[in-house]
Each structure stands twice: as structure tokens, then as C-alpha cells.
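Protein chains: 4
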Amino acid sequence: MARSFQKLNEEKVFKDPVHRYIHVRDRLIWDLIGTPEFQRLRRIRQLGTTFLTFHGAEHSRFGHSLGVYEIARRVIDIFKYRNHWDDSETMIALCAALLHDVGHGPFSHSFEKVFGTNHEEYTQKIILGDTEIHRLLEEQGEGFAGKVADVIGKTYPNRLVVSLISSQIDADRMDYLLRDAYFTGVSYGHFDMERIWRVMRTQDDQIVFKLSGMHAVEDYIMSRYQMYWQVYFHPVTRSAEVILTQILHRAKVLFHEGFRFKYAPFPLIKIFKGEMALKDYLKLDESVILYFFQAWQEEKDPILSDLCCRFMNRRLFKYVEFTPSLIESKDQLAGAFRDAGIDPDYYLEVDSSSNSPYDLYRPGEEGERQPIQLLMPDGTLHELSQESDVVGSITGMRRTDVKLYYPKDRVFELSEHASCREQIQKILGI
Amino acid sequence: MARSFQKLNEEKVFKDPVHRYIHVRDRLIWDLIGTPEFQRLRRIRQLGTTFLTFHGAEHSRFGHSLGVYEIARRVIDIFKYRNHWDDSETMIALCAALLHDVGHGPFSHSFEKVFGTNHEEYTQKIILGDTEIHRLLEEQGEGFAGKVADVIGKTYPNRLVVSLISSQIDADRMDYLLRDAYFTGVSYGHFDMERIWRVMRTQDDQIVFKLSGMHAVEDYIMSRYQMYWQVYFHPVTRSAEVILTQILHRAKVLFHEGFRFKYAPFPLIKIFKGEMALKDYLKLDESVILYFFQAWQEEKDPILSDLCCRFMNRRLFKYVEFTPSLIESKDQLAGAFRDAGIDPDYYLEVDSSSNSPYDLYRPGEEGERQPIQLLMPDGTLHELSQESDVVGSITGMRRTDVKLYYPKDRVFELSEHASCREQIQKILGI
Amino acid sequence: MARSFQKLNEEKVFKDPVHRYIHVRDRLIWDLIGTPEFQRLRRIRQLGTTFLTFHGAEHSRFGHSLGVYEIARRVIDIFKYRNHWDDSETMIALCAALLHDVGHGPFSHSFEKVFGTNHEEYTQKIILGDTEIHRLLEEQGEGFAGKVADVIGKTYPNRLVVSLISSQIDADRMDYLLRDAYFTGVSYGHFDMERIWRVMRTQDDQIVFKLSGMHAVEDYIMSRYQMYWQVYFHPVTRSAEVILTQILHRAKVLFHEGFRFKYAPFPLIKIFKGEMALKDYLKLDESVILYFFQAWQEEKDPILSDLCCRFMNRRLFKYVEFTPSLIESKDQLAGAFRDAGIDPDYYLEVDSSSNSPYDLYRPGEEGERQPIQLLMPDGTLHELSQESDVVGSITGMRRTDVKLYYPKDRVFELSEHASCREQIQKILGI
Amino acid sequence: MARSFQKLNEEKVFKDPVHRYIHVRDRLIWDLIGTPEFQRLRRIRQLGTTFLTFHGAEHSRFGHSLGVYEIARRVIDIFKYRNHWDDSETMIALCAALLHDVGHGPFSHSFEKVFGTNHEEYTQKIILGDTEIHRLLEEQGEGFAGKVADVIGKTYPNRLVVSLISSQIDADRMDYLLRDAYFTGVSYGHFDMERIWRVMRTQDDQIVFKLSGMHAVEDYIMSRYQMYWQVYFHPVTRSAEVILTQILHRAKVLFHEGFRFKYAPFPLIKIFKGEMALKDYLKLDESVILYFFQAWQEEKDPILSDLCCRFMNRRLFKYVEFTPSLIESKDQLAGAFRDAGIDPDYYLEVDSSSNSPYDLYRPGEEGERQPIQLLMPDGTLHELSQESDVVGSITGMRRTDVKLYYPKDRVFELSEHASCREQIQKILGI
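Protein sequence lines, in the order shown, are assigned to chains A, B, C and D. Residues 1 to 430, numbered by UniProt numbering, are exactly what the first sequence covers, in order. Residues 1 to 430, numbered by UniProt numbering, are exactly what the second sequence covers, in order. Residues 1 to 430, numbered by UniProt numbering, are exactly what the third sequence covers, in order. Residues 1 to 430, numbered by UniProt numbering, are exactly what the fourth sequence covers, in order.
What the hints contain is simulated information worked out from the structure, not anything from laboratory work. Accuracy of the hints is not assured; some may be wrong.
To be verified - With a cut-off of at most 27 Å between alpha-carbon atoms, the simulated DSSO-like pairs for lysine-lysine come out as follows:
(1) A:Lys408 x C:Lys125
(2) B:Lys252 x A:Lys283
(3) A:Lys210 x C:Lys270
(4) D:Lys426 x B:Lys210
(5) A:Lys270 x B:Lys252
(6) C:Lys270 x D:Lys426
Since this is a predicted model, take the numbers as computed values, not measurements.
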């Protein structure tokens, strides 16, 4: 690919609290950032409902996307310095880094659960479909957009480019761990990114790490583990997520039942009908969702109104561990809820989180990620858990946390259903 | 006031990136944070449109309000340790610190400009009116809400309590300088808050500073100055603010002209009519505004649609210095705009920022703030600029920055009005 | 003990990069810091030879001692707030925290190895012997010094006071991990100290940790593990330590052989003879050692002179892993060294480091430390590794690193002993 | 100069708390760092006696020298990226940056005052004389050492290279402000170095700054001002400096009087005689000085012994402002001291510090530094104080602080000379 990309007359920068500055030197990158599809990421929080647990976590996917781009840019610079990089891949890699999350919608997790959408599919559609991003990419040469999409979709032939964006230690994860730690304010999530960059080597089309940097990699693995349990799987965040899911679910049910909304959710109707087009999807952001949640507090349906009121005012569900004895009593509990006039379909929800600090075969969230390889002084590769005592001892370990969420306040208010209340309290042990 | 306030069984904390932890030990504080009126601050950004310049500045007034409370709490602890504090004022001061910004609406600056509302009035109304906050405060004793409102309104008789919340170096400013520096990522805005706390003394019902801490105070004054010019008055932020103001203005004009909105702005109609009640005001947040701005991109009115499109996609106005020669040519410029079919009422806007690093008589944004007094070793008070060479030399200095904002892209597209374009370019020097 | 301790008229502070400020409110603490015995800690580096690996690690035991005092002070404040603390123990605990390392000499590790001294014994002697520290302590009441010494010696009856200063998570370790990370600049060593403080509870005379803080404790354990391997056991530091030990050893041997030093080491002569008194010990600091090492570069003994030259100019030994095959060849290697004219007693040294990230029975450096107990919601105590998957999987794991140190430069210069050189190179695999 | 410099096979790094990593890619730089003359900087503190005021300030000139090199390296990289740099000057500039302080001796300030030496002269001698550094430099080509010396001596023809190392905003000052702030722990001294780098331009052989970066430069000027008064001129540090000077002065006097030292200061004798050779100078470091100060506590001369005891145990002189009325009474005061048996030549010392935050003509410590030039959008240069209100208002302002130091403890102990004591107390107002 002998294409040459236009440079900006003068480097542009974004002030960034995590990387100090994001540097942009290519016109294409600058123009992609300016598209409506990319600007929309400013209106989608990086961590969904986490801001209700950690009030600092109000940062959006916009800053994260810039951060992933910046890390990719710096790592490629190091690879180029060592002559380990094919420069004709640079712009493809940078675009993929910048755009890897562009298909995310508002509160993706809940949204996808209720409507069966998939943000990765939308990322592909945005890059390949009728968008400004697509037009800008194709101006670089026919098929360029497809290559960028392939990198993100992990089907691109150059595995090195793919692994820069998605692997056990990729630009995406490095940015989000540091960024989410910064904005939440937690002391986990820090690791020596520059040292990891310096021990990165490329071999057989994959990124490997010099043995001498093993401790920095260990530290990254442990940071990731702590961030999962301390931040990403925090039970209060999951409670907010449960309510959010139920609201979307209830609205969809009501719509199909022909409910007359006081505030009809125009932007959501097509998704209720399962016929959402790309241009409709691109109009969705967290403002739309929050606007309707706010408005729906006044709807006549008591479930929709109550759940919206809970979400907007952070009157969340409480939780208990979903122990084996509770599993046995779940039907009985649902019955007691129903008798007391609380619909268990909306007010009793089991939520499960599961994560492994490091797994040889299923090492991350997604099954297909490759294990981390260390480059030994003799040039051979050893899988991390063989060399690291700490990682070795936790490899394959899987921790699961299952909780039952319910509205404790409603249970305590059940004065007219005292026996139901007592039964519920007994089962839940509250 | 012999009232005793209920303590929480166990201290609660919020993880905060600026102060590490916010500590809550009083039930009243905890309950106030849980009210819908306070939770609403999560949906109002601390720095309005600044996130379009510094992408990290997505933090809300919620975190800032907790931060002001926390600083007040810690300073009061120090005062108590030195027996300089009347403990019966503690809860009044803490409530005032927590609630001082509760009346802010979405994008207050523009909003107040167009609709003539005032966030300080709304703070008073929320504390004194029909709200959960009011009920919680009055449960502490009749008149308690009034006292809290008086502290915020600066009419409370104990001047020490007032100056803790609003003075040259108050809990409000200390928090926002540190917080805004943290989230934008700029290196200005840092100062040694703990040292300032340690040299704070109370004398004649005001907070004064030991001479030995003068340098820390100087540093704070300079930090504040830099934050004003580098962050708060950033011309790109002001450009976004100009557009936002024009959108609200246009929507109001259209409403009064009987324009048939495709997306009728229900939550704003009362404010268009000038008859907004407190409960309507409390429904306003940035989601509402952004929802309509997004939707209005499809309205038939080309001005409204274009401005909304600009705001949502960050296609902002450019600017030139509003020099004396430009002042003279302004009418001519407006004429050329009109001839070219660009309405100068919406597309040509002068914006002015003005600030003084330290002023003896009008030392801050508001005229009435008192000068900073240093406590000399002999017990007398000297005004800061008398002792500090640096502050002395900049006292009374006022810097004003006036810029003219306009849509550069539109001007360059004026192919059918080439002569207008040339005239405009000549006047603007572009 | 109804003794009342004199407060300072005004709190004094030390600016500290780790804890921001060290606060001193008691005259006794202030006076202890001012004693010659305590000031001497300014001339003894916290991390011995580590500054030759991490150039930032030039900090002394003086700052660390203040830091341990400050942590103890803050933790006691929290315990007092919760009524978990007997205030009559406060000054004993603070003095013990401040003085726990006062017996350290220059480069303690090597020094103790060669001369058989023990810094813990000297700490006891300084507190109980003829010193200013002793006089100040005894002014507080007869037997007060003894109590302070007992806390440091872990024989004090109140186990809570002991465990504040020496346990798995004590003020000593919390300070040194944070401080050493700060000065070396490594990103390991950070953990959420304030959270750990907040989940600390006292039960059965020991410090336990609420289950909800388990992750912060895990993070501390992992930080400690990383600091051991990345900083404390760094092979370059150990190389410097090996040379230092050999210098002291050589000087001692030469002294006993009646060698005529050009620069006679007056301050060390008594220790060579094994008859060092407390007042002689207190004259030793790193300046003394470095002064003689510098001077001894000019001594006629080639071993002493060469080793000193190496230490002063950082021409350290290189190392190889001490593998089983190398163990077998060690005698052969020593023979080849001897044949080549390099004395293996001084130029071939095996050094071993060993550490376990967490051990139930021998959890720290010293055998007697108690395991970490978590306080469960039902009030029972569970040992950490039972609850923490991560800690559970690494409990009892022990990692040992043995290296062989030798002067690579000398080996390569062996032109006149080519066959020795080849043999050595073959054995060492270099 | 078509010389090509040897690269290292693999980049080497030093972990640095200020710049994260110091990167070394050239064999020459690596070898220079390894010379005895450069390693000696590890034994000379960056801030002399400041560690007695800020206990964290124990860092040496070694780390600072690496830091200056690293800043120069990064700035040159930026200049190269913009084609503003003649690459044949790179190694000269890097060597000059690394070696600019290599002539510093122990406690230079006092040392030079008493012995009339000059560290800048010694820097020249070390680069040009019989040293390992000289040999390494000359291996790069004859005359190379001379060029490096010329850059440091400011006589090198390429002014751009000179101004990188010594100007108002040079690599030296940028490093020391950030480094000294880091190690002392003060919150002053921070500024946005990366932004300053980015707005640096080269014009007419000097470094200028784009107008858009003016605020970052302002912030740097103010940081520097605060560091001077809060750290570098701290009165406690100056008190230690006064005592140190008096010790050296006393030892010299005693030597010339034929005093029989118990601990004869071999390494200092030549300097007492004024005939110190370079190789003798290179043996001096702080260990030597501190070793003798420690030992001299036992000398029979009461002045020497007392002053050494004060320095080692931090029993410093107190101070009062040297007011005009005190100036008048100085002789009287000296008389009272003499009558009371306290030698005013050693125990009564006036010390003066003077600094200007920014000066057009004498802008720094040294008279010859050039003013800071801003590069305007039209390509012209404007001197900083013309454009910056803040800097403009403080330009030329000079602040001087004169204090009188004396041993307060001795004065209060004057029980046998009650009338002297009263007279002294009256004059000093204590």
C-alpha cells in the first residue's frame, strides 16, 4: 500500500488527564474525531451506571477512544524505532484504535440485553455503512474502511495489528484501566505502562514481552483483577444496571401491549419493533434515555414510574448473596412478593458476575484471546503462568459472584401484608 | 441552639479523586445527599460547555458539592481543635456547604442570560420551598432551613460561617480549583490547601491567614488567575456557549412566533412563557436540553436546525479579537452577513471575559467579597497586597478579553456571494 | 498511668512528600526528634545500596521514622474516634513508632553480617542506655523508656500497641512501601492506605480488618510482593551489597593481620576488636564508611583498594543464576579464579534472596508475625487466605533467587591466563 | 562535523521519579555516566543543607544531571521533528547537559565562600583536564571536549545549543524546579513542561516561545519565584549554611594558627594552603566533610567543636530580621556578645538573599541571561513582560531578605552575664 496520508500543518493536541496530551498529526485522524458519529461518544459514559457508585466516573467513551489511539500511536513509534513495524499498516492501526468503540450505544450492557443489539456489529456498520466516518476512510483508497473494520473484527491478516487493539494487553485495556482508575479515584488500576511498552517485542506476528518485564506484566494482571472486582462488578453499579434493564424491558412490554405513553419514546419505537436502522441508532445517546426516564416518572404505569423514579433519584435495590439455600426458596420468595403486590418479574432479579484473573485458554472476557507469551533470553517463548509464580497460582481460577437484588424499602413498607413481609425477611435473612 | 443531630451508626464514605474520601457521619447530610433535588446535580456538569474544549471536564456539580462539604468539614475540625469554632454552627455550615449550588440549572450561564433566571434565587427556593431538602432541614427544628439559606445568601449574622462558604478563599473556590484542574488535566490550579488550612485563623468573625502562610495564599491567587484564563475563559468554550445561547434564544423566539415544533419542548414551555414553577425547574437538567438539541436538528427552521447541529457535533464558531477597528466596522460586517443570507443576530456575537487576579475592593467575580487579611506576628491585620510583592503588583489590574464569534465555514462557502465574502474576509482579516 | 504529657504551644509540622505533612503536637516527640541519636538517622540511607540501582533512593531513615510516627498517630486518632483505644497508651505507641529504627547503623545488612551486630539490640540499648533519648523518656516517669523498648521488642503486654508497630500490616511497613515507591519512582508499592485504616478494627488485642476491605488488603500484599522482587531484592543492589560486605570483611582481616593502613579506620577499630561501646556505635554513619572507602582506594592491599574503587565508582560485579549445574562446578570455578590470580574468597560470592508473598505461619521476614484476620459480618474472624482467592492461591508459596556474583571485567582482562578465562567462561556460560 | 557516534545495542534506562525514565541510546553518554568523576555526584546533595529544613531533600546532583540530559534529549527530539535542529550538534548538547554541574563540590555555596573556589571553573577543568571524562570526550575527535566545555561556558558559537543549557527557561532550570519540588514535597515548582516544549521555537539562534504558550511560561516564572522564597532561601537552610561556613572558616584559621587537630583533615589541607590540584578536588564529597565535622566535635577548640556539634545535631542558629535599627546597633551587639564570652566573628552573622521574579536585564541569578521572547502570530518577537500582565507587573521588582543569625540558646544560658543577656535581648527584641 503505497498510499501517502496527509499530515496536518501543525500538530494538534488534546489535553488529557491520563496521557497528559493526545497528539494528532494526521488529517484523517483529525477529521474522524470531528464526525458526528465520533462526537456522539461524548454523550455515552465509559462506565455506564458506575457514576452512581463512584461519582467521579462520569467520563465518556470519547476520551477513552482518544486514549486508545494515543497508546497505539506511541507503541507504534517504539516499534518503528526498533524496525519491528510495517509503516504501511500505521494508519489502519490508528484508525482501528480510534474507532474500536464507535458502535457503543447508551448503557450498552442493559440495552443489548433487552433489545438484542450488539455494539460490535454497530461498530462494523458505522465503519462500513452510510456515515461520515465511512466516507472519510474510503477517501484514503477503496477498501480502506474494510481493512479498519477487519482489524476491529479480528479478521485482519496481520495479527500484529490486531493484537495491538485486542489482546490480553492491548491499547484498549491499558487505557481503560488507567482512565477508569483516574476518574473513579481508586488506587488500583495503576501499572507501569511505559515499562510494558519497552519490553514489548514482536515475534511471529504477535506481541510478546521480554522476561525482564515479567513483573510489570504481573502487576498489570493484578491491577486488572482488582479493577474488575472493585469497580466494574461493584454490586451497587449492578443494582443500577438491574433497574435500568427492567425499565427498558417494562417500556418495551408496555409498548407492545398498546400502552398510551404520556411521553412517547419516539427514538425508541423502532427498536421496540425490532426494525432499527443505522441512522436511528446513531441518534441514541444517554441524554435520550435519561430524558425519557425523567419524563416517565409521571407515567400512569406504576412499575415504569416507580423504576424510573428509583433510577433518577438513586433509590436502588439492595442485595443479598444468592446462596444455595436461597436458590431453593426462590419460587417461594417470588410467591410472597406477588402476594404482597410486588411484581417479582421486575422487583426480584438475580445478577451474576464472573471473572478470572488470568486464564490460559479463556484469558479475558472473550474466549478467543491468546495467552501472554514471555520472550526468554534464549529466544524461545514461554507462556506467562509457567514463569510467574503469582500468575501461575491464580491461572484458571474463576471467581463468581451471584447476588439477588430487591427493593428493601418496599419490603419494609409492607404494613398491610405483614405475613408476606415476615416470610420475605426470613428467606432473605434481613 | 442546643439541638443535637443524629449520627450515623457507621461513617459512610464516597471515593473522591480530589479529596480521596468524602466522610459523612451525620444522618442529615446523608439524607440530604439522597434527595431528588441533590441527585439532580449529577445531571448538570460543573463546567457547562468546557467539556467541548477539555474532554476530561465531564464532571458534575454533584462531586463538587460533596467536595465543598468535605473541605468545610475538615476546616471546621481544625477550628474546633483550636477552640475557634462554635460547635452549634457546625451543621448549619455543613448543610450550607453541601447545598450552596443546588439551584444550578443546566448550562446556567446561557440559560440565565436568555431566560433571566438566577441560580442563586433557585437555591434559596429549593431550601425554603416545597422540597425534600426543605422538609429534612426543618425536621431539625423550625427555622433551620432559613438559617442555611441565610448562610448561602450571605445574610447570616455569624460572618465566620458565611466566609467559610463564600469569601476570597472559601471551601467553594478551593474545591473547584482543585477539582477542575484534576478533571481537565491542566497543571494549573494546584496549591497547598492543607497549608492554607493550617495558617487559617479566626478573628473578628472573619477568616484571616498567618503571615507565615503568605506564600501559599499567593500561590492560590496565581492558580486562580491561571485557571480563569486557561480554562474558564477559554475561547473555544465561549464559542460553544455563544451557540448554546443562540439556540435557546431562537427556540424562545420561534415559540412566541407560533412555530410548530416537530419536537415540542414541553419542559421548556413554561420558561418560554416566563411562568416557571419550582417543580418545573427541578425537572430541567442537561439531558433535557441535549435531548431537544439533538431532536431539533430535524426542525424546519434553518437557524435552529443549523445551530443545534453545530452544538451537537462540535462545529463551533471561530473568533477574532474584537479590536477597536473591528468595533467601527461592526455594522458594515452585519450588513455583509445579512446580504449573504446569514442572520447576524444569530451568527455574529461579541463575547467578553474580564477578570482581575486580585482586587482590593472587587476582588472576585462578585463585588462584595472582602480582601484577604494577613495576621501579623504582633496581632494586627494587614491586607494581603501590602505584604505580598507579587500580589501587590497585580492588585487592581484588570484584564479584559473581547472576541467576535462567527461561522468561518459559512463564510468560506459563500460562493454565490463572492463580494460579501471578500468584504467579510477583509473586515475580519481572515 | 495518669501521667499527662506536655503539649506544644503550637503544632509543628514537617513537610513530607509521602504524607504531605507530619504533625507534631507533643513536646516529647519534638524533643526526641531533636536528639543527636535521632538526627543521626539523617546520615543512614533507608535502602542502603539501593541508590546505586535506583538513583532516587537516597532517602534516609530519618524521614521513614517520622512517617511511621505519623501513620501511628493517624491510626490512633481513628481508633480513638471509635473508642477502640486506651489513651494512656498513646505516647508509648507514638514513641515506639518514632524510635523503632533508631538502632540502625550504616548499611546495616552488610555490617551485621561481618561484625555480628544487631540493629534491634542497639535500638534497645539506645532507648535504655546512656543517651539523650533515654533521659527524655525517663523524664516522663520512671520505667517509661522500658515500656517503649518493650513495644519495639514485642514483649509489651498490650498486644494492640505492639501490632500497631510490628505486624503484617503495621505502620512501619505501610510507610516504607509508600516511601520507597515514591523515592525510587516505581509504580509498585501503592495501595489504599486510608481504606485500610478505615476497615481496621481492634479485637482480642489485635488489629483485624473488616471483610469489606479485603481487596485493599490483597492489594497491599501484592504491592509488598512486587516491591520485594522489583526493588529490595534487585540483583544490582545485591551486587553492591556483596562488594560492601567484602570490603568490611577485608578491612577486618587486614586489621587482625596487622596491616598498616594509610588511613587507619579509627571509628571502626573497636568493632574490629569486638568491643564496641554504645557511644562508639553512635558515631558510625554512612559518611564514616564512605570516607574510608574513598580513602582506601589508595591503600596498598590490592583487594581492599580494588573493592573500594568498585564500590565508589559503581563498577559492580555481574551475576549469573546459581543453577544446580553451577553448584556442582563451584569448586572448579574457584580453582580457576585462584589460578588466574583472582581471590575467590573476595571475588566469587553466592547471594540468595527468598520471600513469600504471604505465609500463614511465617508471613513476613520474621517468623513470629501473626496471620491477617478478617472480621466477618457475623463477628467471627477468618484468616485472610481462607477468604481471598488470590492470597489463598499464593499462600505458603516461597520464591528463592540465588545468584553468583563475580567481576566480569576481570575475567575478560585475563589475557595472560587464557585457559583460565576460557574455563571460567565455559562454567559461567558467558 | 561528520563524526558518527556509536549507539548502544539496546537502549538503557534509569528509573527516575521526575521523568519516569531516563533513556540512554548512545555509548558515549553511557560511558560518561560510568566515570568516577560523574559517579562522585551521587555524594553531593543537590540542595546542600536544605535537607535540614525539608527532610525529603536528600537527593544528589547525580539524578539532577541525568534529568537535565533527559530534558535536553527530548527537546532536541522535538526540534528535530520540526527540522529546527542541526543534528551534528546533538551529542555536544547532550554531553553539555549531562556534565554542566560536574564541577560542583560538597556544599558548594559555603565552600566557595571560604576557599574562593568556583564550581564552574572546576567543571571546565574536569572536561578539559586529566580525567576519564576528558579521555572519553576526546575519543570522539580532537577538540570535542573543548566544544562541550564552551557550551557550558556559554562561549560556544551556536547560541541555540547554549540556550538549551543556560537561559531563562533551560533544561537545567526545568529539571531542578520539578525535581526539587518532588523531593521536598512542596506543591510549588510544578508547571506544564510538555506544553513549554511544544511552544518552543528556534529563531535567530535563540529559543523563543509561541504566544499561545504564554500562560505556561508565566506559570513557570511564578513557580520559580515561589521555589526561591519557599525552598531555596528558606531561613532555616540559610542558618545551617551560616554554621557550615563558620566551621570551614574556623578550621582554616586554626590550621594556619598551627592548631594540632586530633583528626587532621588530610583531604582539606591543600585547600587550606590554597594549592589544591584537580585530583585532590575530585576526592572531596559530602562524606569527607561530614566525617570531619563528626570527628571535630571532639576537638579541643571550643568554637570548632561547638559549631560541628550544632551542625551534626541540627542545633541551628535562630534569626531576626536585620532591620535598620538593628544595623545601627550591630557594633553594640557584637560588644555584648564579646563581653559575654561569645565570639561574634563566629556567632553573629548577617545573611542576605535577594531575587527578582523576572527581570528584563538581570533576569536570573546571573546577570547575562537574555529576556524571554514571545513569537507573535505575525512572526515578530515581543519580550515577555510586554505581553504578560502578570509578568509585566513584577518585572524588575527585587525582593531582598536580610537576617541576622545567632545562637539563641547560648544567649538564654548567659546566667553569669545577666546584664549582657538583657542588653542582647533588648537589641534583638527577643
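Do the hints match the structure? See the list:
| no. | hint | verdict |
| --- | --- | --- |
| 1 | A:Lys408 x C:Lys125 | violated (61 Å) |
| 2 | B:Lys252 x A:Lys283 | holds (24 Å) |
| 3 | A:Lys210 x C:Lys270 | violated (49 Å) |
| 4 | D:Lys426 x B:Lys210 | holds (25 Å) |
| 5 | A:Lys270 x B:Lys252 | violated (30 Å) |
| 6 | C:Lys270 x D:Lys426 | violated (50 Å) |
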